[in-house]
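Starting from the structure of chain A, add chain B where the hints point.
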Amino acid sequence: MTNQGYLLTVLTFFPLLGTFALLLLKGDDHVWIRRLAFVTSVVEFIISLLLLRGFDLTTSAYQFEEFYAWIPNIHIHYHMGIDGISLFLVLLTTFLTPLAVLCSWTSIHEHVKEFFAMLLVLEMGMVGVFCSLDLFLFFLFWEVMLIPMYFLIGIWGHGRKIYAALKFILYTMFGSILMLVAILWLYRLSSAAGNPTFDLPVIQQMLSSGTITMSGTTEMLLFLAFLLAFAIKVPLFPLHTWLPDAHTEAPTAGSVILAGVLLKMGTYGMLRFCLPLFPEASHRAAPVVATLAIIGIIYAALVAMIQKDLKRLVAYTSVSHLGFVVLGIFVFNPTAMEGAIYQMLNHGVSTGVLFLVCGMLYDRRHTYEMSEYGGLAKPMPILCAFFLFACLSSLALPMLNGFIGEFMILIGVFDARHFAWASWAATGAILSAVYLLWAYQRVALEKVTVEKNENLPDASGRERFILIVASLVILFMGIFSPLFTHRMDATTNDLLEQVNARKGYDVQKRAPASPGIQPALPSAHELAMRTVTLERRTQP
Amino acid sequence: MFPPVQDLYRLAPEIVLCVFGMLIMLIDPFVAEGRKRSMGWLGLAGTVVALISLRWAWQNAGMSYSGLLRFDMFSLFVHCIVIGVAALGILGSFDYLDHENIQRGEFYALILFATAGMGILAGANELVTAFVGLEMSSISTYILAGFRRNALKSNEASLKYFLLGSFATAFFLYGVALTYGATRSTRFDVVSQAIAAHGAGTLLILGLGLIFIGLAFKVVAAPFQIYGPDVYEGAPTPVTAILACGPKAAAFAVMLRIFYSAFGSTSHIWFWAIWVSAVLSMCIGNFAAIVQSNVKRMLAYSSIAHAGYILVAFVAATELGSAAVLFYLAGYATMTLGAFLIVAHVGGAGERRLDISDYAGLGTKQPWVAACFSLFLFSLLGLPATAGFLGKFYAFSAALDSRVVWLVIIAGLNSVVGAYYYLKVVVAMYFWEPTKEFSPAPVQMPMFTVLLLTALGTLYLGILPNRVMEWALASARSLR
Chain A
1 MTNQGYLLTV LTFFPLLGTF ALLLLKGDDH VWIRRLAFVT SVVEFIISLL
51 LLRGFDLTTS AYQFEEFYAW IPNIHIHYHM GIDGISLFLV LLTTFLTPLA
101 VLCSWTSIHE HVKEFFAMLL VLEMGMVGVF CSLDLFLFFL FWEVMLIPMY
151 FLIGIWGHGR KIYAALKFIL YTMFGSILML VAILWLYRLS SAAGNPTFDL
201 PVIQQMLSSG TITMSGTTEM LLFLAFLLAF AIKVPLFPLH TWLPDAHTEA
251 PTAGSVILAG VLLKMGTYGM LRFCLPLFPE ASHRAAPVVA TLAIIGIIYA
301 ALVAMIQKDL KRLVAYTSVS HLGFVVLGIF VFNPTAMEGA IYQMLNHGVS
351 TGVLFLVCGM LYDRRHTYEM SEYGGLAKPM PILCAFFLFA CLSSLALPML
401 NGFIGEFMIL IGVFDARHFA WASWAATGAI LSAVYLLWAY QRVALEKVTV
451 EKNENLPDAS GRERFILIVA SLVILFMGIF SPLFTHRMDA TTNDLLEQVN
501 ARKGYDVQKR APASPGIQPA LPSAHELAMR TVTLERRTQP
Chain B
541 MFPPVQDLYR LAPEIVLCVF GMLIMLIDPF VAEGRKRSMG WLGLAGTVVA
591 LISLRWAWQN AGMSYSGLLR FDMFSLFVHC IVIGVAALGI LGSFDYLDHE
641 NIQRGEFYAL ILFATAGMGI LAGANELVTA FVGLEMSSIS TYILAGFRRN
691 ALKSNEASLK YFLLGSFATA FFLYGVALTY GATRSTRFDV VSQAIAAHGA
741 GTLLILGLGL IFIGLAFKVV AAPFQIYGPD VYEGAPTPVT AILACGPKAA
791 AFAVMLRIFY SAFGSTSHIW FWAIWVSAVL SMCIGNFAAI VQSNVKRMLA
841 YSSIAHAGYI LVAFVAATEL GSAAVLFYLA GYATMTLGAF LIVAHVGGAG
891 ERRLDISDYA GLGTKQPWVA ACFSLFLFSL LGLPATAGFL GKFYAFSAAL
941 DSRVVWLVII AGLNSVVGAY YYLKVVVAMY FWEPTKEFSP APVQMPMFTV
991 LLLTALGTLY LGILPNRVME WALASARSLR
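First to last, the sequence lines map onto chains A and B.
Going by the numbering used here, the first sequence opens with residue 1, and the numbers climb by one from there.
Going by the numbering used here, the second sequence opens with residue 541, and the numbers climb by one from there.
Rather than coming from a laboratory, the hints here were simulated on the basis of the structure.
Be a bit skeptical, because a hint or two may be false.
Derived pair list, reagent style SDA-like, types lysine to any residue, alpha-carbon separation capped at 25 Å [as the list claims (entries may be wrong)]:
#, chain 1, residue 1, chain 2, residue 2
1, A, Lys-26, B, Leu-992
2, B, Lys-905, A, Arg-160
3, A, Lys-26, B, Ala-981
4, B, Lys-576, B, Met-565
5, B, Lys-905, A, Val-31
6, A, Lys-378, A, Phe-403
7, B, Lys-700, B, Ser-833
8, B, Lys-905, A, Asp-28
9, A, Lys-26, B, Pro-982
If you only want the chain B side, here are some residues facing chain A, beta carbon under 10 Å, derived [said to hold, decoys possible]:
#, residue
10, Phe-570
11, Gly-903
12, Thr-904
13, Phe-918
14, Ala-939
15, Asp-941
16, Pro-1005
17, Leu-1013
Model, not experiment: these values are computed from the prediction.
Beta carbons: idealized from backbone N, C-alpha and C, even for Gly.
Next up, chain B with everything else stripped away, as it sits in the complex:
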């Protein structure tokens, strides 16, 4: 039976992304070696069309494919984040791929496929669909992580990510199976009803635990974070930028759906698991980041810490909590994307300039790049008037609203620890004399656009966050 046309509308963004991905794969062999960048523009067009297609999807919001997928405000919000990340990521990788000599069409196609997977994750209303989305985004990103074929580190990253990622998805799948065994359904609403009717048995709790492991791996939360820094460091930097923002946002989205709607009534059970994971993520991420001298690796650890901050909001288990998670994800994506892309820019050919000493004197060499980077770092650190501060503010406020005081205090102290290593980079950029005779390449138009957009976004979310907050709150309401 052919699905009704509304269902197609509700899936429009994913369809658009996949169609453009396949187009790129088809056309790519016919494009001359030196002109592969045009594939990137095609990919960018794909993301733009996908963003536009969100309109149709939103106008036809509702369940599709007999309740497997669901397009609601929540889904819209997460779609905007992941597609936006993909668009900016593509724009930011043009120059990188050029100077690494890996300018190929499939790079962009894979980003589009991964984004489609994340879109499905965001809209999943059922565990197996979530699994499909998870796999779709994961497999694409496994390949992307190893895209610098000649670099050992990139290969290592890809392999590590693949092996451990497969394990994690296996855990997730096992959890799905157990949940099905306990409730005879994989649909979130039915699971929720089953729990309401029969309570949560051991089998179900076990299933939930396994699902948590699988998802904690995807959001790089402790204690499942071990692979994170290696993969983030080894992957091509623009890919790292996307990895740190897109999949994380999508995984948190599906985590919200599973934990808040399907298992919402068992929040007293999963509360402590998340609590512990939040504390571990923040502490491990921040304290490990302190000792890093490689900026890319440092940001990788910082992204673990940020997963922890998001989990602080997650613990709240209220509407405010999920709104805070969403808002944090939006802010986090903006600033992290910008930060990693600057690392890509300064890194130069072969990613040789990743050490903190390479940033010495950037404040005089390229004042605007340094200013943008400082802005992102201040935002990651959580200084007011930036997205990062309001994200934390909202998250802490949500957690305190649910009387989770100690976790908030731990998170607060952690953000002071974070200040130390973020400021270290600022110190290098402005206070150190440049030790090495090199200057990063001038900023090209695409990179300039990305930096401008992310910097403005960081400020916008920090100073005039009301609209996005309202939107996040409305999305959180649609979660029920």
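So that you can see chain A by itself, here it is in the shape it has in the complex:
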């Protein structure tokens, strides 16, 4: 294994460096603490942009790989690398963290130093999760990340924050402990096959080449152990009950990161571990998982509709939207899968903005009750305009990012001939328009009902900066989606090939990357090809 530089190591541990620098500052020097945290996160973002420059979109192999022996005694390696799936998730993380820092600028008054230190440690954990290619290393980051999040919710949250923090960490730990057992079992299998290792690519290769053989039951159990951990994180219905509490009680920065990145770890895990390691079990379990995802889409949308608390509403939209992502993953169709990955990014940005707006409202009025607002468009037109923009992006208005993702997923689901699933999921898209627009109406439109709201200040310069940057990204992702999806092509094709081909399932490929900007919709030729394959399949 060759080492390709040490960019990922720098990227992962740079925030930790920032944390140590923060700890050296005096606790009451809030200005410099904030500045240092912001600079650290921005520099981190810039470092992560280097990934784009060096990323080779023609290969599905892991890139920027690093490989060192770490605990050779039990065959644990420090193995890092990214591919088309994790590339953008890393970028999403490094993009959202500066925003999270900025939005906490004035709303955090107590233990400021510790707050930003936790945020940066969290960033380290998140980047680490997306970059690790060793099961042990992955698990390490996966669990380490819990601690800062736990403190973020528990110390700087609102309302029933302790309850929410504990619920969050216990839920996640419960899921991950079974994953740990599964990881150890894989290790045992690999050592029984003569090559003990925790290395993901190696295990994957051993599984697909038949060096490791396991019975269908074993595969299913291992798959379920992994799936449970990820399904809790996503969260998949009916394991979502921790999420509304955690999201609502967390401070704004916590909610942004939680919704923006942490939830994606669940879906990322499914893509990275469940599918390639246990293709047979994935196919067998797909109907159940997809059904749960669809139930989640509709159920969460309905629950979101009746929320009185704005932040809780946004929290439920996450459950609904992540349902789309899971559905997109488990139909094993290239378009749907790319849509799912793209939707992960979209959801991160859009929901991030929604939570940011919630936080800005909270900073002014210290409540999330929608009945306390109403007619805000008059005193604060700019903030409300961005709010509307984020709502539209989240409910998948064409031209904006959310549309591309949802559309690709739905196309893919249709394409895989799951018509019922697609139609049920599509209702979720309609419902999302209902609850988001209704929420917007209740908050921003009509007359100002509460006197206090009449003189609320509009978005400040800092807030405008945050919102403008995020909105530009939303717009950019809505228009130039091929810039993103083409970087995923090689990886998704390869992944699906592994998942499908091994057991003789159909293989479909996305058109290979071509230069220039393409419309995200499938071309006429592509559609025609699909009809042909459809017809072929229906023939006996």
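Leaving out everything else, chain B in the frame of chain A:
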């Protein structure tokens, strides 16, 4: 006949410890009341010299006293744990003894004697020698548990520990007798050969069962754990710290020797006994700890649970299993010692601040103490990058390697239960507003050193465990 000089070298650590213990007893009457702490420094010097003397012992490794004792890599590993625990325990009890007004020389002497006993346990190659080691460490710790003479709880702890402990050693002794009856020897290697030659009869199995009872009592494993929480709660906190780490490590060491080398070929017989004991220990320890509001008592229950986790590795009955037990013991000693000593520190004079509400706001009162305590609790809980996680990881891995799947799943779920009560303390330290107007005394130099060392150790074993693991594996190999 005078034993050859190598034998003395192999026993050097114990000799050093006993000599220093006796020195303390001799000098103590001549030391003025206010200067008894110097005896502590002498005791500390004793442990340091004992650690150094391990070098001689290791250079002359082998059997000594016609096969009664054995100094090998395994013995070295366990010696390092128990002597290290004693050294840190002594360092951590200076301030405690001062504010409890029980600063006396014999405290340190007893710790040294107990440690010598544990050393003998670790090196025992024969059942009666093991018994001698067991008694030597037990009797010293009985007294130590009751060292706060004016506190009722301490007296209760001492008496309970003494009465039940005597029973347990009696069981052990009876087991030894039966084993001798069945195999005509008490030496591990001979017993093993006898079993290989004649198989394991009822008498032998009965003997093994009784030995297991005696040792399970010492490691505080269910169903012989009843006395544990009371004794741990009543004993002076630094003594609890030592009790939870040293004797447990030594007892597990001798258990490994007996079960793995002497009775290794009967592992199919003792498998289920250990399995059940592991499940019971984990469940009882964790679920009882949930309802505790006294942090010291909670940690006592948690130590029962940890005995269970160690037994999970024990069940594996392979080299990997014993390596995992050893590694876990090292990690466990590091983090538990630190945790209990922080309890001693926060407890203050008369151990009045043991309730969880006393920890409210510690995160702002003494941020570094709170940070250390959080680290130990996270480690006990088993979060990655700490000793506790790698201990569990290694233990589970060893058990799975022997296809003990269900036990591992039970252990995993138990560790989630454990998360609840460990986190409760972290919640109190950081999330609760301080309700009581008090601040723990500032951390003095000795305590600071101990906390620093244990915290660094916890991280070291969690992040760069390779060397210790390698060492544990080599020790496990020398067990054969």
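Would the stated hint for Ala-939(B) survive a check requiring a Cβ distance to chain A of less than 10 Å? Holds: closest Cβ of chain A sits about 9 Å from Ala-939(B), inside 10 Å.
Mind checking the CB of Phe-918(B) against every CB in chain A and telling me if the closest is under 10 Å? 7 Å, holds
Keeping to a limit of 25 Å between CA atoms, is the pair of Lys-378(A) and Phe-403(A) held or broken? Not OK: Lys-378(A) and Phe-403(A) at ~29 Å, beyond 25 Å, violated.
Regarding the pair Lys-26(A) and Leu-992(B), is the alpha-carbon distance no greater than 25 Å? 22 Å, holds
Would the hint on Gly-903(B) stand, with a C-beta cut-off of 10 Å toward chain A? Because about 8 Å separates Gly-903(B) from the closest Cβ in chain A, which is inside the 10 Å limit, the hint holds.
Holds or violated: are the alpha carbons of Lys-905(B) and Val-31(A) at most 25 Å from each other? The hint holds at about 24 Å.
Given the hint that Lys-905(B) pairs with Arg-160(A), does the C-alpha gap stay at or below 25 Å? 24 Å, holds
Interface hint check: Asp-941(B), Cβ to nearest Cβ on chain A, cutoff 10 Å. Holds or violated? With a closest approach of 6 Å, the Asp-941(B) hint holds.
Are Lys-576(B) and Met-565(B) close enough, with their CA atoms no more than 25 Å apart? Holds, because 12 Å separates the two Cα atoms, which is no more than 25 Å.
Is the hinted pair Lys-905(B) and Asp-28(A) satisfied, with a Cα-Cα distance of at most 25 Å? It holds: about 16 Å lies between the C-alpha atoms, which stays within 25 Å.
Satisfaction of the Thr-904(B) interface hint, Cβ to chain A closer than 10 Å: Where the cut-off is 10 Å and the nearest Cβ of chain A is about 8 Å from Thr-904(B), the hint holds.
Taken at face value, is the distance from the CA of Ser-833(B) to the CA of Lys-700(B) at most 25 Å? 22 Å, holds
Hint compliance for this structure: hints 6, 10 are not met, and every other hint is.
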